[in-house]
Amino acid sequence: MQNILTTQGLRKVYKDVVALEGLSFEVEQGQVFGLLGPNGSGKTTSLGILLGVLRPNSGSFSWFGKGDGNDLRKNIGALLETPNFYPYLNAIDNLKVVGIIKDVENLDGTIENVLKKVGLFERKKSKFKTFSLGMKQRLALAAALLADPDILVLDEPTNGLDPQGIAEMRGLIYEIAQEGKTIIIASHLLDEIEKMCSHVAILKNGKLLKVGTLGEIMTQDRILLIMAENKDKMLNIIEARTEMTLIKEENGELMVAVDEQLTPGEVNRIFAEQGVYLSSLREYKKNLESTFLEIVQ
Amino acid sequence: MKKLLSIEYAKLKKLNSLRIILLVYAVMIPLVMFMLSTFYYNVIHPLIPILADIWGFPSIWNFATYSASFFNVLMGVTVVIVVCNEYSFRTMKQNVIDGLSKRQVILSKFLVVLVLSTIVTLYTALVAFVFGGINSGFSNALEDSYFILIYYLQTLCYFSFAFFFAVLVKRTALSIIFFIVSFIVESIIGSVLAATVSAKVYLFFPLNVFSTLTPSPIMTQLNALAAKQTGEVPPALDLTTNVLISVGYMLLFFIIANQALKRRDL
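So the protein lines, in turn, are chains C and X. Counting in my numbering, the first sequence runs from 1 upward without gaps. Counting in my numbering, the second sequence runs from 298 upward without gaps.
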């Protein structure tokens, strides 16, 4: 499988804040690669570096195994943070600017096609400033698709959209993924990533915590939901055991990640031996949200 | 180069503020020339009839470029708008994401400055040529036409100064305020220094250097007349020195702006 992106020890520091610390991962052709992390984890900084707008303090990256040259970005469709267009220009004229930069052939015809694809053809002559947020995001997606790129980089593509807009945007991205394009998508919306991504990298405080296929990421630990009268003692036991990690507490119930080797029965015995009798113990069906919380806590 | 010009044309062809400012410039140049000449013929010339005819060739070249120089500030504001728009719309960043290099982004803005300078210079030359021809015929039309080249340099100098502010400040309104206020501040500092230290110091201030590239033809003649009668010559730089210092300042402003853009994250 062709290597699309390799990053090696990327580091970015803003004054005295380390935004990114030694980021290394690889993306291969056809993957839908999710970059996950809480706000401020370094997702946008990573994409900013990969898209040439931020300079890393150290480290390197290579697109298509050819380095980080500017021309390589013409084959990448990208939406970073917000859709950035000229508000006084209409959809067609804005896409023309992008098309000339990306050396798109048969520009007029291509613009019509992408506008149809994202459902903006009827508004092709409307100025960008008159667009709703959802329409702006769709125009950004049209711009990203204009040069029929091999790879799409999308940073929080559903940010600020209403439920209908989110559904539409998801549908579009899903459709594009079905065409076999490589997609790198940064988001903090876990169900979005879980539904669309084949691979995931989890970031926290600028550090890469986990990277792998969705399956690999989600089968590393067992998640249990436990409850007992003496909550404080229960918390002390969890804190003292290296094979247990508290993920979160909700309505008096604790979500705990335990080593895969440890069965629920053994967990019950560990607490009982220390005088804590669990009133409830059930295994939680893992999803990306619980995995994510387990990793970033 | 051609591609960068196409990109800039696609961006700017529908920018209303640019259209309006260019229209104002196109209307105001002949209007101001007409007003100044009316004042000259009705007020100054009857008092001092020996002064040359500034409405015909060759004086028209100096007169036209001097009149047009008032509007360099207006055109400088255009440069500020064009550059700052890219920051406020975040399109400079998007252009890089789409595949331009930072060097190309900077070069494209230099090209906009060059094209704007060329447009206003050619228009001013056309206006001077038409008025000069109407008033004195075209027999010595090229005499002193070097003023057009000087005016071209002057527009580039003012625009480099505007470009410098736009890149450093990044916000349109603030950049325009700084750009305009800098003219007032420089003239105040210059006047104070001229009164307290030396009259020559002010001659080397950037905006004053740019401004004196196209001196007032009326003042030039009046100064020459006064010098003949009193023997006192007001301090001034010769044209070559003035041009060289202007080029130096222009390069300095472009280089600082270029470095700032290159080193910054977008």
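No lab work stands behind these hints: they were computed from the structure. From a predicted model like this one, the values you see are computed outputs, not experimental measurements. All residues carry an ideal CB built from backbone N, CA and C; glycine is no exception. Be a bit skeptical, because a hint or two may be false.
[As the list claims (entries may be wrong)] Only pairs whose alpha carbons sit at most 27 Å apart, straight line, appear in this in silico BS3-like list of lysine-lysine:
#, chain 1, residue 1, chain 2, residue 2
1, X, 310, C, 66
2, C, 74, X, 310
3, C, 74, X, 299
4, X, 299, X, 311
5, X, 310, C, 15
6, X, 525, C, 74
7, X, 497, C, 124
8, C, 117, C, 127
9, X, 311, C, 129
10, X, 299, X, 310
11, X, 310, C, 127
12, C, 210, C, 66
13, C, 125, X, 497
14, X, 497, X, 525
15, X, 399, X, 300
16, X, 399, X, 311
17, C, 129, X, 497
18, C, 136, X, 310
19, X, 467, C, 127
20, C, 116, X, 399
21, C, 136, X, 399
22, X, 559, C, 15
23, X, 399, C, 74
24, C, 116, C, 181
25, C, 127, X, 497
26, C, 116, X, 525
27, X, 311, C, 136
28, X, 311, X, 467
[What the hints assert, rightly or not] Calculated from the model, a selection of chain C residues having no Cβ within reach of chain X, i.e. all distances over 10 Å:
#, residue
29, 25
30, 52
31, 55
32, 70
33, 84
34, 87
35, 148
36, 160
37, 195
38, 211
39, 232
40, 274
Item to complete: Verify the proposed pairing of residue 129/C with residue 497/X, using a straight-line Cα cut of 27 Å.
Response: violated, 52 Å
Fill in: Whether residue 55/C stays farther than 10 Å from all C-beta atoms of chain X, as the label says
violated, 6 Å
Worksheet item: Does the claim that residue 84/C lies off the interface hold, with its Cβ farther than 10 Å from every Cβ of chain X?
Response: With a cut-off of 10 Å, residue 84/C comes too close to chain X, as the shortest Cβ separation is near 4 Å.
Practice prompt. Evaluate the condition: distance from the CB of residue 211/C to the nearest CB of chain X exceeds 10 Å.
Written response: It holds; residue 211/C is separated from chain X by about 24 Å at its closest Cβ, greater than 10 Å.
Worksheet item: Is it the case that residue 274/C keeps its Cβ farther than 10 Å from each residue Cβ in chain X?
Response: Correct as stated: the minimum Cβ-Cβ distance to chain X is 53 Å, above 10 Å.
Discussion item. Need the status of pair residue 399/X, residue 311/X: alpha-carbon distance at most 27 Å?
Written reply: holds, 24 Å
Practice prompt. Could you let me know if the closest chain X CB is still more than 10 Å away from the CB of residue 160/C?
Written response: holds, 15 Å
Fill in: 27 Å limit on alpha-carbon distance, applied to hinted pair residue 116/C and residue 399/X
It is violated: about 32 Å lies between the C-alpha atoms, which goes past 27 Å.
Worksheet item: Taking 27 Å as the top limit, are the C-alpha atoms of residue 525/X and residue 74/C close enough?
Response: violated, 67 Å
Worksheet item: Are the Cα atoms of residue 497/X and residue 525/X separated by 27 Å or less?
Response: Holds, because 21 Å separates the two Cα atoms, which is no more than 27 Å.
Practice prompt. Take a quick look at whether residue 136/C and residue 399/X sit within 27 Å of each other, Cα to Cα.
Written response: holds, 25 Å
Worksheet item: Does residue 497/X lie within 27 Å of residue 127/C when you go C-alpha to C-alpha?
Response: It is violated: about 53 Å lies between the C-alpha atoms, which goes past 27 Å.
Hint compliance for this structure: hints 1, 5, 6, 7, 13, 17, 20, 25, 26, 30, 31, 32, 33 and 34 are not met, and every other hint is.
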